[in-house]
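Assemble the whole structure, with the sequences as input and the hints as a guide.
Okay, so the sequence shown: first residue is 197 according to this note's numbering, each after it adds one.
Treat the hints with care, since some could be wrong.
[Said to hold, decoys possible] Straight-line Cα separation of at most 20 Å, SDA-like style, residue types lysine to any residue; simulated pairs:
1) Lys264 to Glu418
2) Lys236 to Thr413
3) Lys236 to Thr421
4) Lys275 to Asp319
5) Lys489 to Met331
6) Lys357 to Thr368
7) Lys236 to Ser382
8) Lys360 to Asn240
9) Lys407 to Asp246
10) Lys342 to Ile432
11) Lys275 to Asp415
12) Lys448 to Ser336
13) Lys347 to Thr329
14) Lys342 to Gly373
15) Lys407 to Glu370
16) Lys357 to Gly369
17) Lys366 to Glu351
18) Lys360 to Asp383
19) Lys264 to Pro230
20) Lys407 to Thr242
21) Lys264 to Gln231
22) Lys366 to Asn349
23) Lys347 to Lys366
24) Lys489 to Glu346
25) Lys366 to Lys407
26) Lys249 to Glu406
27) Lys347 to Glu370
28) Lys360 to Ser382
29) Lys275 to Gly235
30) Lys236 to Tyr272
31) Lys264 to Leu227
32) Lys407 to Thr248
33) Lys366 to Thr377
34) Lys275 to Glu256
35) Lys489 to Gly373
I should point out that these hints are in silico values taken from the structure, not numbers from a laboratory.
Keep in mind the model is a prediction, meaning the values are calculated, not measured.
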Amino acid sequence: MKICCTIILTGLLFQFAKAQIFVRADTLGALINPQPVVGKIFYNMTWLRDTTKPDSLYHEQFELDLGKTMSCYFSYYAKERDIKTIQHLEQAMQAGKILSPPPGISIPMGIAGEGNQIIGSRDLFFTDNDNDTRMMYIWSSEFLIKDTDEKINWEILDSTKNIKGNLCQKATGESHGRTYTAWFCSDLPYSFGPRRLHGLPGLILEAYDEKREIVYTLDHIEKATSGQVGFPKRAIATTDTKFYKALDAYDKNPEAFTNPGAPAANSINSKLPSHIGNYDRKKFIPNNPIDLK
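Shown next as structure tokens:
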């Protein structure tokens, strides 16, 4: 029984580690043209996910890792949870037994999309030379989806304000159906910002849409001494429509993706459809999505 448990745990740890990108250096995998991380920006985000519940705001902290010409935006909460979960699994492996997850920690297998309220936002957003790419998951496979929306046509205004010692200038622009106000700092010469907001002559430190249903505020800035940013080589490039078609298939029959004995388990790529039939995308999208179009 002990040997059996150890084998099960080893497989679980391998699958979990494979599904993670920003947990630790040894789980990053090979990156395409990696860049050193030169700084980390931490944002507090509030989001009115459901307009029928205006008093129920979603709160989360996100991290933006900056490279020279590339950035990556992801959930800091999810990163910390992943670290604790892997440490817990490693301790169980060393002890030769399986332990229950630590309080408040779950093993986030089958992650997919920021509409999942149980496991939180797990998508990653890359900005590479002003181009957006979103990385999403099905089980332990990563998918890269390039944004095809028009780039933000920012209007830079004369208004300024101080954000935690940083002099910022105001700009407005539309992104995916929402009009945003952004405050950027030209003294921080990085054309990046939270999620899909970027393209200004300075780092965006604060942003919100006109209804303030989506709000990003600066928590703090850290200078980085290690880490890299880049697209994982193992990630699969696909389209938004094909991804949600595959996600719908996973939702209906997860065993076809996760059972090692199933033919599809060793070739999840085959689940990306060559043609698009009927599927229900809305079940994966919250009542008030960040991207309205």
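To see whether the hints hold, each was checked on the structure:
no.	hint	in the structure
1	Lys264 to Glu418	holds, 16 Å
2	Lys236 to Thr413	holds, 14 Å
3	Lys236 to Thr421	holds, 10 Å
4	Lys275 to Asp319	holds, 11 Å
5	Lys489 to Met331	holds, 18 Å
6	Lys357 to Thr368	holds, 15 Å
7	Lys236 to Ser382	holds, 17 Å
8	Lys360 to Asn240	holds, 14 Å
9	Lys407 to Asp246	holds, 14 Å
10	Lys342 to Ile432	holds, 11 Å
11	Lys275 to Asp415	holds, 17 Å
12	Lys448 to Ser336	holds, 17 Å
13	Lys347 to Thr329	holds, 13 Å
14	Lys342 to Gly373	holds, 17 Å
15	Lys407 to Glu370	holds, 13 Å
16	Lys357 to Gly369	holds, 18 Å
17	Lys366 to Glu351	holds, 9 Å
18	Lys360 to Asp383	holds, 13 Å
19	Lys264 to Pro230	holds, 10 Å
20	Lys407 to Thr242	holds, 12 Å
21	Lys264 to Gln231	holds, 7 Å
22	Lys366 to Asn349	holds, 14 Å
23	Lys347 to Lys366	holds, 18 Å
24	Lys489 to Glu346	holds, 11 Å
25	Lys366 to Lys407	holds, 17 Å
26	Lys249 to Glu406	holds, 19 Å
27	Lys347 to Glu370	holds, 9 Å
28	Lys360 to Ser382	holds, 14 Å
29	Lys275 to Gly235	holds, 17 Å
30	Lys236 to Tyr272	holds, 11 Å
31	Lys264 to Leu227	holds, 15 Å
32	Lys407 to Thr248	holds, 15 Å
33	Lys366 to Thr377	holds, 7 Å
34	Lys275 to Glu256	holds, 12 Å
35	Lys489 to Gly373	holds, 5 Å
Hint check: no violations occur; every hint is consistent with the structure.
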